[in-house]
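Number of protein chains: 2
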Amino acid sequence: MSAPPPPPPKEEEEEEEGTTTTTTTKRTTKSTIDFLSACGKLKRTLRTGWTKYPGIRSVESVAEHSFRIALMAFVFGTQEEKTDDDDDDDDGLDVQKLVTLALVHDISECIVGDITPHCGVSKEEKNRLEVEAMRTLKETLGSDMGGETIERLWLEYENGSSREARVVKELDKLEMLLQASEYENEHRDVDLTEFYASCDGSFKTERAKRWVEEIMRRRPVR
Amino acid sequence: MSAPPPPPPKEEEEEEEGTTTTTTTKRTTKSTIDFLSACGKLKRTLRTGWTKYPGIRSVESVAEHSFRIALMAFVFGTQEEKTDDDDDDDDGLDVQKLVTLALVHDISECIVGDITPHCGVSKEEKNRLEVEAMRTLKETLGSDMGGETIERLWLEYENGSSREARVVKELDKLEMLLQASEYENEHRDVDLTEFYASCDGSFKTERAKRWVEEIMRRRPVR
Numbered sequence: 026m027s028a029p030p031p032p033p034p035k036e037e038e039e040e041e042e043g044t045t046t047t048t049t050t051k052r053t054t055k056s057t058i059d060f061l062s063a064c065g066k067l068k069r070t071l072r073t074g075w076t077k078y079p080g081i082r083s084v085e086s087v088a089e090h091s092f093r094i095a096l097m098a099f100v101f102g103t104q105e106e107k108t109d110d111d112d113d114d115d116d117g118l119d120v121q122k123l124v125t126l127a128l129v130h131d132i133s134e135c136i137v138g139d140i141t142p143h144c145g146v147s148k149e150e151k152n153r154l155e156v157e158a159m160r161t162l163k164e165t166l167g168s169d170m171g172g173e174t175i176e177r178l179w180l181e182y183e184n185g186s187s188r189e190a191r192v193v194k195e196l197d198k199l200e201m202l203l204q205a206s207e208y209e210n211e212h213r214d215v216d217l218t219e220f221y222a223s224c225d226g227s228f229k230t231e232r233a234k235r236w237v238e239e240i241m242r243r244r245p246v247r
Numbered sequence: 026m027s028a029p030p031p032p033p034p035k036e037e038e039e040e041e042e043g044t045t046t047t048t049t050t051k052r053t054t055k056s057t058i059d060f061l062s063a064c065g066k067l068k069r070t071l072r073t074g075w076t077k078y079p080g081i082r083s084v085e086s087v088a089e090h091s092f093r094i095a096l097m098a099f100v101f102g103t104q105e106e107k108t109d110d111d112d113d114d115d116d117g118l119d120v121q122k123l124v125t126l127a128l129v130h131d132i133s134e135c136i137v138g139d140i141t142p143h144c145g146v147s148k149e150e151k152n153r154l155e156v157e158a159m160r161t162l163k164e165t166l167g168s169d170m171g172g173e174t175i176e177r178l179w180l181e182y183e184n185g186s187s188r189e190a191r192v193v194k195e196l197d198k199l200e201m202l203l204q205a206s207e208y209e210n211e212h213r214d215v216d217l218t219e220f221y222a223s224c225d226g227s228f229k230t231e232r233a234k235r236w237v238e239e240i241m242r243r244r245p246v247r
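Keeping their order, the protein sequence lines are chains B and C. In terms of our numbering, the first sequence opens at residue 26 and continues consecutively. In terms of our numbering, the second sequence opens at residue 26 and continues consecutively.
Hints may contain errors.
Think about it this way: if two alpha-carbon atoms lie no more than 16 Å apart in a straight line, the pair counts; the simulated EDC-like pairs of lysine to aspartate or glutamate are [stated by the list, open to error]: (1) Lys198(C) / Asp169(C); (2) Lys198(B) / Glu239(B); (3) Lys55(B) / Glu181(B); (4) Lys51(C) / Glu164(B); (5) Lys55(B) / Glu238(C); (6) Lys151(C) / Asp169(C); (7) Lys51(B) / Glu239(C); (8) Lys107(B) / Asp169(C); (9) Lys163(B) / Glu150(B); (10) Lys163(C) / Glu149(C); (11) Lys194(B) / Glu207(B); (12) Lys51(B) / Glu238(C); (13) Lys66(C) / Glu207(B); (14) Lys55(B) / Glu207(C); (15) Lys66(B) / Glu238(C); (16) Lys51(B) / Glu231(C); (17) Lys55(C) / Glu239(B); (18) Lys163(B) / Asp59(B); (19) Lys55(B) / Glu239(C).
Heads up, incomplete: computed chain C residues facing chain B, CB under 8 Å, no partners named [to be verified]: (20) Ile58; (21) Leu61; (22) Ser62; (23) Thr76; (24) Gly80; (25) Ser83; (26) Val84; (27) Glu89; (28) Val100; (29) Glu105; (30) Lys107; (31) Trp236; (32) Ile240; (33) Met241.
Simulated DEER-style distance windows between Cβ atoms [as the list claims (entries may be wrong)]: (34) Glu157(C) / Met241(B): 28 to 34 Å; (35) Asp216(C) / Met241(B): 46 to 52 Å; (36) Pro142(C) / Thr141(B): 40 to 46 Å; (37) Pro79(B) / Thr161(C): 47 to 53 Å; (38) Thr44(B) / Glu157(C): 50 to 56 Å.
Honestly, the hints are just simulated from the structure, not real lab data. Note that CB positions come from ideal geometry on N, CA and C, so glycine has one too.
Chain B with its partners taken away, still in its complex shape (with noise of 0.2 Å):
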């Protein structure tokens, strides 16, 4: 008489509860650290606007930048909370939502790099590439695992559709005339007044006028 067939492999749901909530852990666990290794591609994406001057002999990545927003956020939010000056857009401001979204702004870039008005690339395709990219992350990290959270602020940052993604599209611009001015500082054969101009008009609250004032003040005298 031959052997009885094998049972057949069991189903997933048939795994015992514990067995199936430890595949499902290591999945997760996988999955986070792909999505914080993608991330770190941001260490080594740099920002392409100060490529093209090669008097700029050390450009800042994204990495370095989004860093350095995310301070600015905080600052700029907690100042908003100990002062009352009569700045009625910038007053009530969610501190914890400025610094996630300066976090999360730049994201996208770990996977279509940091194109500018510079690059041939229309604004609409642009825009497809990184709502695709942010997808593919929120895809990678996992949609309830943070995944969509993490999306949900850079579509808020991107469409400016909150009070605080719209201080931290001016905080991007602030960062970056603050960075032109210390390269050009640090650098003084490089002219970087065409970052200044793109700025014009780009100011809304008060504080962030006042802040890009003082940047100016300190662009070296030519």
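Once you have looked at the hints, place chain C on chain B.
What follows is chain C alone, placed relative to chain B:
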């Protein structure tokens, strides 16, 4: 008859209220940009541990490390909020605190640099230098303009005086190990075993233990 002597210069308290406010606001703005500029030095402060490996051709900056640890903190905290996996030690973490602790945990290094155990500076002296640097940064920004808040967060991290601070200390090591595994995969002649060894027994939370296990799995086989 000689002209009357000029009036004595006005004391600040004698100024009209509007003028005093303007002067204070200008000083505050200057202090804020001074602080953000000082922290900007972290973009050019290398993470010392990697510099003794000439095989690593592009060593990350403290700003780059700080960016990813802040993102890690956000993901870690968000995942803790979304799951209930009986990790009593990880439950109910404050995500906002995790992110801001991560963001500021190394900022004293913009003044003292990244001092490692191999730099010939005692642990006590390192701490003394960093505490002093942090005080300078607080005074630069202004105690009441966010300086005290940032110093308090930094001390909370440094002293590990909250659960969030202790988690961020684990994330600090996790980010280092993830970077180590990425360097090892990028530069196959580089062996960073010492960094993994230095973290033995450092991980207490279940999630961090799972993350480090996954990172270890990614090391190239030699």
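Against the earlier hints, flag every one the structure doesn't satisfy and list their numbers going up. Per hint list: 1, 3, 4, 6, 9, 10, 11, 15, 23, 24, 26, 29, 33 and 37 violated.
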